[in-house]
Each structure stands twice: as C-alpha cells, then as structure tokens.
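J.: One-letter residues, chain by chain:
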Amino acid sequence: MTSRILLVEDDERIRASMRLALEDEGYEVDEAGSGESALEHFAEQPADVVLIDLMLPGMDGFECCRHLRRTSAVPVIMVTARTDTHDVVAGLEAGADDYVTKPFVAKELAARIRALLRRARSVDEPSVLTFGDIEVRPDEGTVTRAGEEVHCTRTEFRLLCELATNSGKVLSREQLLDRVWGYDYFGDGRLVDVHIRRLRTKIEPDPANPRHILTVRGMGYKLTA
Amino acid sequence: MRGHRLRVVSDVRRRQVDPGGPTRRRRWSRLGLRARVTVTFGLGALALSATMAGLTYFTARQFILNERQTAILRQAYVNASLARSSLRTPNQNITQLLQNLDTLPGSLSALELRGQWYADSPSVGERAIPASLRHLVVSGTPATQHFVLDGSPQLVVGLPVPSVHAAYFEVFSLGELARTLRILALALAGAALVTTAAGAVIGRWASGRALRPLDEVSKAAETIAGGRLHVRLVAADDPDLSALAGTFNRMADALLERIEREARFTSDVSHELRSPLTTLVTSLGVLESHRDDLPSRSRLAVDLLTAELRRFQRMVDDLLEISRVDTGSAELSLDEVEVGELVREAAQAAGVGGVPVHSDPGVAGLRIWVDKRRIERVVANLVDNAAQYGGGVTALAIEPAPEGVRLVVIDHGPGVAPAERERIFERFYRGQTSGRRGATDGTGLGLSLVAEHVRLHGGRVWVETGADGENRFVVELPTHDRDRVTTTLVARTVEHRRTPPALDPHSDAS
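Sequence order for the protein chains is A and B. Just so you know, the first sequence maps onto residues 43 to 267 in the working numbering. Just so you know, the second sequence maps onto residues 3 to 512 in the working numbering.
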C-alpha cells in the first residue's frame with residue numbers, strides 16, 4: 043500500500059513541483075495551501091507523513107504542527123527557509139520529527155520520509171523494557187508511567203526504545219541520529235537534543251533534574267533505571 | 003578651549019594649488035596644528051613684549067636724560083654766576099676758583115678768560131671742548147653739545163659771561179647714565195624673551211587642551227575602522243565638544259545602520275531566492291529522474307541546468323551563511339572533539355577520505371571545542387579550492403601551534419603568488435591564478451567563508467608555499483577550554499549587538 047503524504051505549502055509552484063517529485067518516488071500526495079485547510083484535510087483523510095512549511099499565511103507552521111500533535115502521532119517534517127537555531131528548535135519543539143531546509147533535493151526528502159516510515163526495530167528486542175516506573179512495549183508501541191499511558195510521537199518512541207535497550211550505555215548524538223532517524227551521514231545534533239527534552243517532559247518526574255535520561259557532557263545521552 | 007574648527011576640504015579643493023607661495027604654505031601646514039599654534043603664540047608674545055620693552059626703554063631714557071640735562075644746566079648757571087662774582091675781584095687764582103666750584107660728580111669746569119684757557123683738571127684742555135661750540139660761546143651764545151671724549155659720552159655746557167669777558171664751560175661725563183640705560187635695556191630684553199617663551203608654552207598647552215577631544219575622536223575613529231562599530235563618544239558638557247561628539251556618533255550610527263542594512267539585504271535576498279530555487283531544484287530533479295527518456299540534446303540541457311543550479315544553490319547558501327556572520331546572528335554550537343577524528347571525519351565528508359592525514363605526535367589525542375559543522379565546511383571548502391586551483395589535495399596534516407593546533411590542507415600547487423595570499427580570502431575574489439581548471443562549481447565565497455568560520459572560533463587562516471611549491475592552507479584553532487570559547491563568543495556577540503563601550507573625551511589619556 044502506498045503511503046500518503048500531506049503537503050502543507052502556500053507557494054503553488056513549489057507545491058506542484060514537490061507533488062511531481064514525491065509522486066515519482068511512489069507516494070500519494072495531498073495538498074493544502076494553509077494551516078487551517080491542512081487540519082481540516084487531515085481530519086477527513088489522515089496521512090502517513092505530513093510536510094509543513096513554517097512560513098504560512100494565517101496559522102503558521104508551528105501552530106499547525108502543535109494542533110496536529112494534539113490528536114495525532116503522525117510523523118511531521120517541517121520545511122524551513124532558515125537553518126537558524128531559533129526556527130529549527132522552535133519547529134522541533136512544536137512537535138516536528140525532522141526538518142529540511144529550502145531548497146532541498148527531492149531524493150533527500152524522500153529518504154527522510156522513508157526513514158520516518160520505517161519501523162527500525164531489531165528482532166531480538168525484548169517485549170517489555172522497564173526502568174523506574176516506566177514500561178515500554180516496543181511491539182505494541184506503548185509507554186506507560188506508573189500504569190498510565192504516555193502519548194509519544196513515533197520518533198520519541200523510537201528514541202526511548204533505543205536508549206532503553208542500551209540502558210546504562212552512553213549513546214552519542216551521531217549514533218542516535220543514525221539509529222532513530224536513519225541518517226547515515228552527519229546530521230543535526232539539535233534533532234536529538236530537542237527530542238530528548240520532549241521525552242523528559244513526558245516521562246521524568248522533574249524534567250529539569252532528569253533521573254532516567256541523563257546528559258553525558260561532550261559525549262551524548264544515556265538511560266539509567 | 004573654543005574656536006577650533008575642523009577644516010573639511012573636498013578632494014577637488016584639496017587638489018587646487020594655492021597661487022601665492024605654495025611651497026611656503028605647504029611647509030607651514032606640514033608643521034602640524036599644535037606646532038603652528040605654539041609658534042603663533044610665541045611670535046605674538048614676542049611682538050607684544052618687544053613693543054612694550056621698546057616703549058619702556060625709550061620713555062625711561064628720555065625721562066632720565068631730561069632730568070639730568072636740567073640738573074646740569076641749573077648747576078652750570080649757578081657756577082657761571084659764582085665765577086662771574088669771583089672774577090669781579092681782581093687777582094684771583096682762577097684754577098683755585100674753578101676747583102672750589104661745587105660740581106656734580108664726574109663733571110669738570112673750564113674758563114676762557116680774555117683768550118686764556120683755565121681748567122680745574124689738566125684733562126680738560128682747550129682742545130677737549132669742540133671748537134665750534136667754543137667759538138659760539140665766546141661770541142656770546144650759550145650752548146650745549148653731546149660729544150665723545152676718550153670713548154665716553156660727554157655733555158658740555160658753555161655759558162658766556164660777557165661782563166668779565168669770559169666764557170664758562172662745564173663738561174659732564176654721561177658714562178654712568180649710559181651704563182644704567184644699558185642695564186635697563188638688558189633687563190627689558192630678558193623680560194621680552196621670558197614672555198616669548200611663556201607665550202609659546204601657553205600656546206602649546208592651550209592647543210594641546212583644545213586638541214585633546216580630537217585625539218579622542220581619532221582614537222574612536224581608529225577603533226571603528228578596526229571593525230568595532232559600536233564605539234561612541236560620550237557627549238561632553240561643553241557645547242562645542244558635545245556638537246562634535248554628537249556629529250561623530252551620528253556618523254557612526256549611520257555607518258553601522260548602513261552596514262547592517264546591507265547585511266540584512268543580503269540575508270533577505272538569499273531567503274527570497276529560496277522559494278523559486280526550491281521549485282527549480284525539485285522540478286529539475288523530476289526531469290533528471292526521467293533523463294533516460296529525453297532526447298540527447300535535451301539531456302545535455304538538463305545536465306547543464308543541473309550543474310549550474312547546484313552552483314547557484316551553493317552560492318545562495320554561502321551568501322546566507324556570510325550574511326549571518328555579518329548581521330551577528332551566527333551561533334556556534336560547540337562540541338568537544340578529538341582533533342584527529344575531526345579531521346578524518348571532515349575529510350570523509352569532503353570526499354577525500356582516502357587522502358593521508360599526517361598527525362604530529364604532539365597533538366595525539368588532543369581534544370578541542372569546535373562547531374563541527376563549521377569546521378567540516380572549512381575543510382570541505384579548502385578541499386574544493388585545492389581541487390579547483392591546486393590540482394587536488396595531496397595530504398592533510400595536524401600540527402601543534404604555540405597556543406593551539408593547526409589543520410593543514412596541502413595540494414599540488416602551483417603556489418599562490420605572495421601578492422594574492424591575503425586577497426584570495428576576500429569575497430568573490432578571483433585571482434589571476436593560472437591553475438584554474440575548466441568549469442567549476444566555485445561560488446567565489448568558499449575561502450572567505452573559511453576565514454569567517456575560523457574567525458568565529460577565534461582562530462586564523464593563511465596560505466603558505468611549501469618546499470616543493472605546494473600550497474599549505476593553514477587553519478590555526480585555539481585549544482582553550484569551552485568556557486573561554488564561549489566567553490569570547492559572548493563577547494563577540496555582545497559587540498555585534500550594540501553595547502557601546504564608551505570613550506570619554508574627558509578621561510585622561512593614559
């Protein structure tokens with residue numbers, strides 16, 4: 043079954059060219075010219091991946107992403123004209139899983155979409171990973187904290203699984219990018235940092251003083267029970 | 003101190019030749035404002051004091067001479083009448099008589115009686131008195147005359163005494179008086195000299211004081227020229243100075259605004275270019291993926307488009323990166339990395355993973371804080387540069403430096419001409435280098451970006467020629483710890499984001 047992509051972009055020509063490129067890569071493409079129409083469209087016809095341009099008239103890309111996140115864990119890639127830390131971090135904090143910078147190469151975008159859609163889990167994973175009062179069930183895709191379900195995006199969930207299966211070991215940003223985002227080249231460490239921050243707010247009792255997901259200065263992150 | 007106007011001369015006017023004595027004027031203005039003020043003050047003081055001294059001298063001299071002459075005349079009349087009454091008595095010893103007369107010190111008396119000459123001192127002979135005066139007096143006219151006797155100024159008074167057929171003469175020495183006047187003249191000249199010197203000193207001090215704000219202005223201007231655009235002068239209380247400070251600061255503001263506007267403009271243009279560029283890149287990507295279905299001529303056109311579009315895209319990216327540095331919004335994201343690993347990864351990313359890396363034993367295991375993305379770009383751009391102008395990279399090297407570490411990118415050469423070694427790091431500089439090979443993807447910004455990235459790290463970059471004519475592009479990075487990197491960064495950012503470090507024109511220049 044082909045994957046559906048919802049393309050939220052106000053520039054008609056960019057939208058048309060991206061549709062061509064993504065259809066060439068074998069995806070079905072739905073278009074939306076504004077954040078509002080994108081949310082409407084998504085409610086009627088959910089997509090497998092959503093591409094959101096940050097600079098939209100009316101409701102901007104950040105807002106659109108936040109709205110989407112209230113109801114869905116769908117992978118979101120934001121499209122930004124800037125590589126400035128501010129926009130990238132704000133976009134990730136709004137709930138995006140990844141970002142691409144304009145102008146991007148369609149093949150690279152397609153690769154990222156594929157990586158997001160892939161269930162990157164090894165076969166020998168145990169069915170339940172526990173640390174503290176947290177339980178992660180990789181094959182069910184659920185996380186519970188003290189018995190209560192925690193809602194995670196797919197990327198957050200994969201990041202948590204990766205850390206939990208390597209509990210006690212330090213994982214560098216590069217390793218995490220490689221395993222969670224599927225980047226086999228040098229990616230952007232900010233992706234990892236922002237997702238770790240988001241995970242902490244969901245599973246740590248005190249996100250400012252994390253007990254489980256620890257930062258190892260100059261090296262990376264590790265999970266402790 | 004007021005009244006100093008800065009002369010602003012346009013180029014055109016400056017080039018005009020002054021018709022009246024250009025050489026002299028040039029020499030005069032070469033003296034410098036301070037020297038000129040000093041000389042003017044000195045000359046003014048000299049003219050004034052010389053005039054005063056001259057007036058004083060001549061008035062005093064006139065007064066003293068008059069006094070003396072009056073006294074002399076009075077005494078001569080008294081003595082002449084005494085002589086007359088004595089001569090009425092017959093058989094007088096005339097020399098005795100003359101000696102008994104009451105005379106001023108230094109004066110001598112003489113008497114001519116019926117053609118016979120008498121004097122109270124043998125030095126006043128008949129010949130000592132000028133003959134013309136003697137004849138005049140003997141013929142019945144009283145007279146006075148200045149003359150010089152034995153090198154000493156004298157005044158002679160001759161009075162006829164007709165009742166006894168005699169003429170009375172008195173000779174006064176004015177030597178003492180001349181000495182007094184000479185001392186007076188010396189004293190006055192001395193005073194004039196002192197006044198002149200004092201005038202020059204005051205001129206120097208005053209001009210120094212008046213020009214001190216100019217020193218501050220010039221210091222501030224120099225700082226601004228050095229790139230610290232946020233330096234401002236503190237407005238002084240003095241209305242003249244505060245006007246100067248105000249004008250200077252407005253100029254600096256205008257300059258800064260202009261530079262920022264230009265940097266913003268570059269950034270805006272680059273951003274605006276991204277939307278059409280996205281459509282172009284994406285559409286061309288679609289065309290490319292159907293390349294095999296295209297006729298061969300169209301295929302060629304697509305290939306040309308693709309290559310040129312890639313270059314265009316890189317140019318926009320580079321411009322954006324540079325404009326971020328220019329507007330001060332560039333941020334370093336620092337990581338601690340091992341130098342060898344950094345270089346090897348960067349080489350890999352730049353597509354020259356197979357090139358040997360010569361690592362000095364002195365830097366084995368050395369860890370430094372860097373923005374990996376930027377350093378990878380630095381290496382990639384140097385590798386690109388080597389490919390375009392230096393026949394490709396032959397080796398990379400890591401060498402220790404006094405306060406840091408050097409990453410060296412070595413190519414085949416030919417070496418960059420000494421005159422171009424600095425200029426090649428300028429934006430869009432395309433040298434006369436003959437080593438350039440065919441069509442390139444060069445944007446003209448690669449090396450200037452290298453320089454900016456390295457500068458952000460507090461390091462420097464240069465090119466040198468090796469023993470075999472190869473180019474060695476050397477990037478020197480400081481090895482200080484993270485805190486110091488971030489401190490310098492914060493300092494730099496603050497500098498970019500306006501906190502004017504004030505230069506106070508009234509503070510004492512140390």
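The set of hints was computed from the structure by calculation and includes no laboratory data. One or more of the hints may lead you astray.
[Claimed, not checked] 25 Å max Cα-Cα, derived BS3-like pairs, lysine-lysine:
{"#": "1", "chain 1": "A", "residue 1": "Lys211", "chain 2": "B", "residue 2": "Lys221"}
{"#": "2", "chain 1": "A", "residue 1": "Lys264", "chain 2": "B", "residue 2": "Lys221"}
{"#": "3", "chain 1": "A", "residue 1": "Lys211", "chain 2": "A", "residue 2": "Lys264"}
{"#": "4", "chain 1": "A", "residue 1": "Lys264", "chain 2": "A", "residue 2": "Lys244"}
[Claimed, not checked] Here are the computed distance ranges between Cβ atoms for each label pair:
{"#": "5", "chain 1": "A", "residue 1": "Asp102", "chain 2": "B", "residue 2": "Arg263", "range": "23 to 33 Å"}
{"#": "6", "chain 1": "A", "residue 1": "Ala188", "chain 2": "B", "residue 2": "Arg313", "range": "22 to 32 Å"}
{"#": "7", "chain 1": "A", "residue 1": "Pro99", "chain 2": "B", "residue 2": "Asp362", "range": "53 to 63 Å"}
{"#": "8", "chain 1": "B", "residue 1": "Leu258", "chain 2": "A", "residue 2": "Ala188", "range": "20 to 30 Å"}
{"#": "9", "chain 1": "A", "residue 1": "Pro99", "chain 2": "B", "residue 2": "Arg263", "range": "46 to 56 Å"}
{"#": "10", "chain 1": "B", "residue 1": "Leu306", "chain 2": "A", "residue 2": "Asn251", "range": "50 to 60 Å"}
{"#": "11", "chain 1": "A", "residue 1": "Asn251", "chain 2": "B", "residue 2": "Asp362", "range": "35 to 45 Å"}
{"#": "12", "chain 1": "A", "residue 1": "Pro99", "chain 2": "B", "residue 2": "Pro402", "range": "34 to 44 Å"}
Nothing here was measured: the structure is a model prediction, and the numbers come from that model. Cβ atoms here follow ideal geometry from the backbone N, Cα and C, with glycine treated the same way.
J.: For this structure, which hints from the list above don't hold up?
T.: 1, 2, 6, 8, 9 and 12
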